[in-house]
Structure formats: structure tokens, C-alpha cells
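Trainee: Sequence:
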Amino acid sequence: MLDIKQIRENPQLVQEKLNSRNGKYDIQPILDLSQQQRELEGKRSQLQARSNEIGKLVGQKVKSGVVDPQSPEIQALKDEGNAIKTTLSDLEPQEKELKAQIHELLLALPNLPSDFTPLGKSEDDNQEVRTWGDEYKPANPHILPHWEIGEKLGILNFERAVKIAQSRFVSLIGAGAALERALIQFMLSQHIENGYIEVSPPLLVNTDSLTGTGQLPKFAEESFKCAEDDLWLIPTAEVPVTNLYRGDILNAEELPIYHTAYTPCFRREAGSYGRDMRGLIRLHQFNKVELVKLVKPEDSFEELEKLLANAESILQALKLPYRVINLCTADLGFSSTKTYDLEVWLPSSGKYREISSCSNCVDFQARRADIRFKEAGKKGTQFVHTLNGSGLAVGRTMAAILENYQQPDGTIKVPEVLRPYLNNQEILGVPLVNTNPVPPTLPTVIEPPTESLPKPTEQVQSRYIIDLLLWIPIVSYVVWIIWSLLF
31 MLDIKQIREN PQLVQEKLNS RNGKYDIQPI LDLSQQQREL EGKRSQLQAR SNEIGKLVGQ
91 KVKSGVVDPQ SPEIQALKDE GNAIKTTLSD LEPQEKELKA QIHELLLALP NLPSDFTPLG
151 KSEDDNQEVR TWGDEYKPAN PHILPHWEIG EKLGILNFER AVKIAQSRFV SLIGAGAALE
211 RALIQFMLSQ HIENGYIEVS PPLLVNTDSL TGTGQLPKFA EESFKCAEDD LWLIPTAEVP
271 VTNLYRGDIL NAEELPIYHT AYTPCFRREA GSYGRDMRGL IRLHQFNKVE LVKLVKPEDS
331 FEELEKLLAN AESILQALKL PYRVINLCTA DLGFSSTKTY DLEVWLPSSG KYREISSCSN
391 CVDFQARRAD IRFKEAGKKG TQFVHTLNGS GLAVGRTMAA ILENYQQPDG TIKVPEVLRP
451 YLNNQEILGV PLVNTNPVPP TLPTVIEPPT ESLPKPTEQV QSRYIIDLLL WIPIVSYVVW
511 IIWSLLF
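The letter at position 360 of the sequence shown is residue 390 when you use our numbering, and the numbering goes up by one with no holes.
In short, the hints are calculated from the structure, not lab data.
Estimated spans, in silico, between C-beta atoms of each pair:
#1 381 with 58: 38 to 48 Å
#2 230 with 346: 18 to 28 Å
#3 41 with 71: 11 to 21 Å
#4 236 with 286: 18 to 28 Å
In silico SDA-like pairs for lysine to any residue, Cα to Cα no more than 20 Å straight-line:
#5 336 with 218
#6 404 with 329
#7 35 with 140
#8 129 with 39
#9 349 with 435
Don't be surprised by glycine CBs; every beta carbon is placed ideally from N, CA and C.
Could you put together the complete structure from these sequences and hints?
Mentor: Written out as C-alpha cells, the structure is:
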């Protein structure tokens with residue numbers, strides 16, 4: 031949420047920065063309501079001062095004994111005081127209503143772009159900062175799209191997921207599920223090594239939480255809601271992790287706070303009809319490892335560069351080609367003042383696709399969620415600065431691996447850093463194509479040495495002797511019977 035004081039003191043600058051977002055944002059209604067609020071506050075202050083004056087005056091006159099407490103003069107002062115109290119009571123709900131209206135209008139305004147954010151009217155004005163890993167781009171021009179190779183290998187199944195739910199869902203089978211699990215474990219391990227504390231947050235959050243991080247009220251149609259319980263499925267772990275500290279006053283010594291979290295994420299994708307209908311790029315449910323920081327204001331832009339480097343380190347370890355994009359004012363997210371996008375190379379389409387957004391929200395989310403910190407020995411509190419970024423989107427990382435590590439025989443080579451999480455397996459899938467055909471050969475017949483076999487005549491003689499021995503008892507029995515009959 032923007033600072034109402036900043037809007038009052040620098041209305042022209044605020045309006046110019048909002049206009050640079052290429053949206054229709056008008057701060058004049060806020061200024062008008064704010065003026066009414068200040069007039070009411072001034073009137074209330076004057077009336078309160080007069081009420082205090084009357085009370086003091088009546089007390090002095092009565093105490094001195096100069097004036098009778100029942101005198102018309104004292105009664106007139108008391109009547110004036112009672113009228114002031116009635117007026118003050120009437121002003122209170124008016125002030126509350128004005129405050130609520132201003133708050134509602136402020137919630138609808140996005141963050142102001144930073145001075146480090148390039149001006150632009152569309153995503154075409156985003157600036158490429160650098161590329162990495164050109165030497166790792168596959169040389170094979172016949173790369174299958176990740177959804178096609180995944181279905182051929184039996185590790186991605188979109189058809190059965192549609193049967194279970196609807197379009198934009200996927201079931202991961204066998205090696206597909208194992209690869210996703212390996213990626214999640216690897217990402218979390220890397221971030222924990224870099225000083226992030228892991229969090230396993232709720233996947234359902236209340237309206238205040240989504241309002242605190244800026245998804246509500248503007249993006250209600252993008253989220254899945256459990257209406258009966260006033261709970262929402264999270265679109266990103268940024269929401270529950272940031273809201274861990276909603277309403278808190280932290281000690282300055284606790285900052286910076288680094289958190290990482292793996293969660294499923296849920297998005298209706300209401301505004302993306304017809305885009306990326308196939309594959310893992312745009313799903314209603316997807317897994318993501320998130321990075322969240324709470325820092326001091328003077329450190330936030332330096333912390334953004336560190337967060338970006340942490341996200342980049344995952345892509346570099348996986349040896350996936352990517353580029354860094356500095357988003358222009360027109361392409362910034364609602365809560366961000368400055369954002370870097372990481373885009374991974376997908377060879378089947380010959381394009382880079384977003385795999386992470388790393389954003390500095392300065393005090394925008396902290397004002398909405400009321401997250402403050404206090405310096406020891408100093409009066410008052412300050413709002414923290416919040417940052418967040420994907421480290422990384424797991425499904426899109428899988429898509430990049432299935433394409434960039436695709437082998438000519440249709441198998442997938444496992445990135446070296448993932449092998450310890452996959453029982454040191456080097457290849458995923460059974461070869462779909464025989465890339466080295468070998469002519470069939472007949473089996474070799476091995477003949478035994480001839481000297482070990484008996485000669486044919488010897489075989490006949492042996493068989494004759496055996497037959498003769500078998501007939502001797504039979505002939506003897508027949509002769510005995512004939513002899514008995516004759517004699």
C-alpha cells in the first residue's frame with residue numbers, strides 16, 4: 031500500500047509513476063477524500079480544544095466561589111460543552127467512513143516503480159541484462175516439446191489428469207514424479223546452504239493474508255476460494271510466508287530474515303485463455319520453491335541482487351541456459367517496485383520462457399500487512415522491506431530439463447547435480463529409437479569332437495546285445511509253459 035503522506039506531499043510525482051505502469055490509476059479521489067478527512071480532523075481538534083477550555087473554565091469559576099454552580103453563566107457553559115460532545119460523537123463515524131474509503135482506494139493502487147526500473151509501455155520494452163549458458167544449448171535441431179517426450183516416455187500424463195480434474199492439470203508418473211521430487215530436494219538444499227530457513231506453511235490462507243501481500247482485492251478472480259470458510263488456495267508461498275509476520279513489530283537485530291518454502295500453488299489463470307494450453311508452462315496446480323526476505327529499508331536493493339543470484343545458482347548448477355530480464359514499468363507485478371525475470375531456454379520452440387520473478391516490494395506489502403521493526407534506543411517503528419522470488423518453478427524447470435537434456439534415442443540425461451537424489455541414475459526412460467542398429471547374426475553351432483562319439487557299427491552291436499538280454503527271460507518263460515503242458 032502506498033503512503034498517504036507521500037501522495038499528499040508529492041501528488042504529481044506519484045501520479046506520473048502510476049501512469050508509467052500503463053494503467054488507469056487516478057489519485058484525485060484519494061486527495062479529495064483526504065482533504066475532507068483533514069478538515070474533519072481540524073474541526074474535531076478545535077471542538078475538543080473548546081470542550082477542554084469549557085471544562086477548565088467551569089472548574090475554575092466554581093472552585094473560586096465567585097459564581098454559583100447553578101448560575102445561568104455556568105449553565106450556559108455546560109450546555110455549550112454538551113453540544114460539543116454531541117457534535118464530536120457525530121463526527122466520529124464520519125471520520126471512520128472517510129478513513130475506510132481512503133483505505134479501499136489505496137488498496138487498489140499498485141506499487142510505484144523504482145528509479146532503477148526502465149520506462150516502458152509493454153513487455154517489448156523489457157531490458158535484457160545478460161545471458162548465461164549458451165554453450166549448453168542443444169545442438170540437435172529435432173528436439174521434441176517437453177509434453178510430447180514426457181508422454182512418449184510415460185512420465186507425464188495429461189489425459190488422465192483431465193479425467194480426474196479438468197484441463198491445465200498433469201499427473202507425473204514414475205520417473206516423472208521422481209524427477210520432480212529430486213528437483214524440490216535439490217533446490218531446498220541449495221537455498222538452505224545459502225542461509226534460508228525452510229518453512230512448511232498452510233496452503234489455505236484467509237482474506238487478510240492475500241490482502242497483505244497484494245493479491246486482493248485486485249486479483250480475486252485469479253484465485254481459488256473456499257467461499258464457506260473464507261479461505262483461499264495460495265497462488266504462491268510468498269503469501270503465507272510473508273504473513274507469518276503480519277502485525278508484528280520485530281527487533282532490528284532479527285533482520286534480515288530469509289525463508290524458503292516448497293508448496294503446491296493454485297491459480298485460475300482466468301486471463302490466459304488459449305495461451306500455453308499444452309505442457310507444464312501454465313497449470314492450475316503447480317509446485318514451486320519460493321524465496322522470501324524481510325530486510326531493513328537501506329538494504330533492500332542490495333538484497334534483491336543477492337536473491338537473484340540465489341535463483342540463478344539453481345539454473346547454473348543444472349546447466350540450463352537462461353537470461354536475466356529487467357522488467358519495465360508497464361510489465362511490473364502489482365506489489366513490486368523492481369523485478370528481474372529469469373527466462374530459461376526451451377529449444378523445441380527456440381524461445382526463452384519465464385522460470386522465476388525476483389522482486390523488491392520495498393514497504394508496499396509491509397504497510398498492507400503492518401510488519402514493522404524497531405531500532406534499539408530509537409523512538410517509533412519503521413516498516414520492513416519485503417522481497418520474494420521463485421527459486422524455482424519446479425514444473426517449468428522439469429520442462430527445461432526434458433528438452434535441454436533430451437538425447438537422440440529419446441531418453442533424458444539426468445543433470446549431474448540431481449543424480450544423488452535419484453539413486454545415481456544417469457538416464458531416464460527406455461530408448462525410443464535405436465540409434466546404432468546392428469545387423470542380426472545367426473547363432474554359432476558348436477560341434478562336439480568326433481573321437482568322443484561311438485562309431486556307427488559299434489552303436490548297432492551294442493543295441494543288439496541289449497535287445498537279446500531283454501528277450502532271454504521271456505523266451506525261457508514260454509518254454510517252461512510248453513514243457514509243463516506236454517509232460
